[in-house]
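Colleague: Each chain is listed here by its residues.
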Amino acid sequence: MFLINCPYCGERDQSEFSAGGEAHIVRPKQPTELSDDQWAEFLFMRKNIKGVQFERWNHAHGCRKWFNMIRDTSNDKIQAVYKMGEKPPIK
Amino acid sequence: MKNKYSIFALIKNAFTYHENWQRAWRDPLPKKEYDVVIVGGGGHGLATAYYLAKKHGMKNIAVVEKGWIGGGNTGRNTTIIRSNYLWDASAGLYDHALKIWEGLSQELNYNVMFSQRGVMNLAHNLQDVRDLKRRTHANRLNGIDSVWLNTEEVKKFCPIINTSPNIRYPVLGGTLQKRAGTARHDAVAWGYARGADAMGVDIIQNCEVKNIKRNGDSIEGIETTKGFIKAKKIGVVAAGHSSVIANMVDLKLPLESKPLQALVSEPVKPIIDTVVMSNAVHAYISQSDKGELVIGAGTDAYVSYTQRGSHDVVEGTLKAILELYPIFSRMKMLRQWGGIVDICPDASPIISKTHIKGLYFNCGWGTGGFKATPGSGDLFAHTIANDEPHKLNADFNINRFVSGDLVDEHGAAAVAH
Chain A
47 MFLINCPYCG ERDQSEFSAG GEAHIVRPKQ PTELSDDQWA EFLFMRKNIK GVQFERWNHA
107 HGCRKWFNMI RDTSNDKIQA VYKMGEKPPI K
Chain B
181 MKNKYSIFAL IKNAFTYHEN WQRAWRDPLP KKEYDVVIVG GGGHGLATAY YLAKKHGMKN
241 IAVVEKGWIG GGNTGRNTTI IRSNYLWDAS AGLYDHALKI WEGLSQELNY NVMFSQRGVM
301 NLAHNLQDVR DLKRRTHANR LNGIDSVWLN TEEVKKFCPI INTSPNIRYP VLGGTLQKRA
361 GTARHDAVAW GYARGADAMG VDIIQNCEVK NIKRNGDSIE GIETTKGFIK AKKIGVVAAG
421 HSSVIANMVD LKLPLESKPL QALVSEPVKP IIDTVVMSNA VHAYISQSDK GELVIGAGTD
481 AYVSYTQRGS HDVVEGTLKA ILELYPIFSR MKMLRQWGGI VDICPDASPI ISKTHIKGLY
541 FNCGWGTGGF KATPGSGDLF AHTIANDEPH KLNADFNINR FVSGDLVDEH GAAAVAH
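So the protein lines, in turn, are chains A and B.
Numbering-wise, our numbering puts 137 at position 91 of the first sequence, and it's gapless, one number per residue.
Numbering-wise, our numbering puts 532 at position 352 of the second sequence, and it's gapless, one number per residue.
Accuracy of the hints is not assured; some may be wrong.
[What the hints assert, rightly or not] Coverage of chain A stretches by chain B, computed from C-beta distances (three or more under 8 Å per stretch; other residues unrestricted): (1) 53-65; (2) 73-86; (3) 91-100; (4) 123-137.
The hints are simulated quantities; they were obtained by calculation from the structure and are not laboratory data.
This structure is a prediction, so every number in the text was calculated from the model and none was measured.
Using N, Cα and C, we set each Cβ at its ideal position, and we do this for glycine too.
Chain B extracted, bound-state conformation (with noise of 0.2 Å):
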């Protein structure tokens, strides 16, 4: 039984200097069968796996992870949670997920940091400003809480910004998500992993799928690098490298993967309280809880798995930044790094059953999968403990680029994820 977190126990390890606190999951090999194997230790297979023990009774649950836990997307994220999005579809997933985050430190008993410090869009042509306040009205019908604000209220909110109107893209407006906010994302895949290990599952790092072995229209199991392990089920966590693992049972999917590229500048004293997100120049930004501004870039337009992006983009990204923000003309930018997202036509993710029985796969979730995470983990569960989704992930199948019936985020909202 896992100790719970508390102020008392917080005291209690006061007493032997905190030296004898107990390890937050296990480190086991791995056993013989399994019942489900989620492929991939990120925030959203460990989520996978709690709410699969949680909410559906499944006891013989493994995840295998090639690094360390939420070493992947997890860790490399801006961590800008919202859930104003357009279409319906997309609305209910990430408001789903929206609605768990709102619990989640309570319900892990471990700190998320979930900071509901508010997501600004901003606009920058009359065509964003007829875009954002058509989602802002799409939001509201939805029940997801969602405001326009003219260029003084955005100033307002956030003073820092440059309202100037006669800067290259000067701000028009901009839509505000006071429910949006931050996490920590280290924690949720540390709480996620803690809580899964508590009721039994098993966690196995630096265990990399070789390759997935195949009965006909079934699987059998997944040959990996701490050897064969059976399982009756597999769902598939793998974010940028989906692909490789679909390639393995000749499943196409339609994704490409690109690195994106986010950075973190020198900590300094609170300045920017909330998020502000400019899609038109892509440029985002925050400011983590030590102080670093925290900004994310966009992709490379190229399919690459290498984890580092090129420098062109950081520039592009850093200019808006400058333009936006003159006030961060000389601060220092201290780390810069790239994960590797895989990315669908549509821009909206999959969570769905394959034509081979008993394989799932969770991915596509491309520039901002990590918003998702407890809503993703909860519907993939359900998806794979019934073997049919639920209704909130019913319209992210994979069958929708045969149908056509896509959920077209990305041109019809011009959302930077």
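Here chain A stands alone, though its shape is the one from the complex (with noise of 0.2 Å):
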């Protein structure tokens, strides 16, 4: 349980966000052309990182926009939130 700062609302509760996994997982460009392990690797593989994670979030109950998110899971603190399209303020 956290508060989160929205880029467009401010700082809310957690439970007002809903989690959207892993960020820059990138769409593949040409799905037909995509092998078995590609899929796999696009649809199911995820790093699960215990620590520093960029993730995807959603203001469900709110302005309901996506942005992004760096947080460290092993203690849920957060060090920087960014727009959709921006690039990661820390590596």
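Using the hints, put the two standalone chains together into the complex.
Modeller: Here it is in structure tokens:
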């Protein structure tokens, strides 16, 4: 349980948001040319990092906009929030 | 040789004020090399080591555990055991485990307090009714006992349930598996540890794996906080931390780790003599032998390794509990905790070889691994010893996420685990 600083609405309780999993997993440009292995990689395989993770969140009970967030999953501390399409402020 | 636990041992030790009981397992230093190293000393890992020694005649086995044995999810679950799963593959897997549970205390000479008090799953809407009836039929075709109860029969079986039609999620019926029930979770870990140790398995606690040493497509051993341990085969049973181990060898798994919460109340006199689960409102409840109500909540909906969990999840569960059991309205909750569960997209486990020779994974049990502990250990031991799966876990391989042949218990049966 923590507070998230929505880039559009400001600081709100985490329960207003829904997590969308790891960020920057690019949807394949040519889906028909993908092998089964590549599909599995895109659809299912995740790093599931214990530590600093880049992820997508949606302000489901607010502005309903998607954005990116960098969070340490070992202590739930948020390091940065940035909009979709922007480059991550931390590497 | 281990002393056998019996009434005579109890009387004999009473004369010395129970101060001379033998240690249940040794506390060895790691050897330089093992034939098999099991990473993770929870119930599943200890059971794997036990069956490797017992059924496959392997001698040189170690279990390494970063904390103390049974201190992870084995000691954090709500101890529910059942096998009423929809799909054939799952039914085979979980009923295999249930059959071992039925004789486990005798086999281990350790009382795991397995109690077949029945598990009831409630239906709260018409779709629940259809799904659960379908599941009952599927269970019976697979030889698993399961019956459908209407609302009156639910009330008769568990009189404290509020069956008023005027509540937000009225009880429209339920299924009952009578062979299902609960067991003492710590005893399972301790019983398997004692049994494995008696056959020469080294149980090494406070020994965290820092890295897995690889040589091309095979493994060489593990770097740990107690030094390097060479291993011919490595079986990883690290539950919520499976991905952390997998990332050491750049192996990606289809897992997300999330906190799952449970809580217990202050102890009271016997009031509920069965286990009642409600998937739609995500609340399940039973009563421990100490008298505490044991309540299972849901997972947080985001990846996290903090063994805490959010307050709103507990709040939602307790609201549902109070509506279904108004008698508990003034109960005080005593403790709350979280465990990190690794969830597969299809909510079914992985008991599998990997593309790296000698590296095996048993993971993805998500929110419902405790019930499978004996079966999981037995099948994983078979997979490691023979370098190929048993027919009961053949469907639970990693490649199903490539082939698309998922065991989709999540959507199909809507089971809370």
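Colleague: Compare the structure with each hint and give your call.
Modeller: Okay, the hints, checked on the actual structure:
1. 53-65: holds (count 4)
2. 73-86: holds (count 4)
3. 91-100: Per the Cβ count (7), the hint holds.
4. 123-137: Our answer is that it is violated, as 0 residues pass the Cβ test (under 8 Å) against chain B, missing three.
Comparing the model with each earlier hint shows a violation of hint 4 alone; every other hint is respected.
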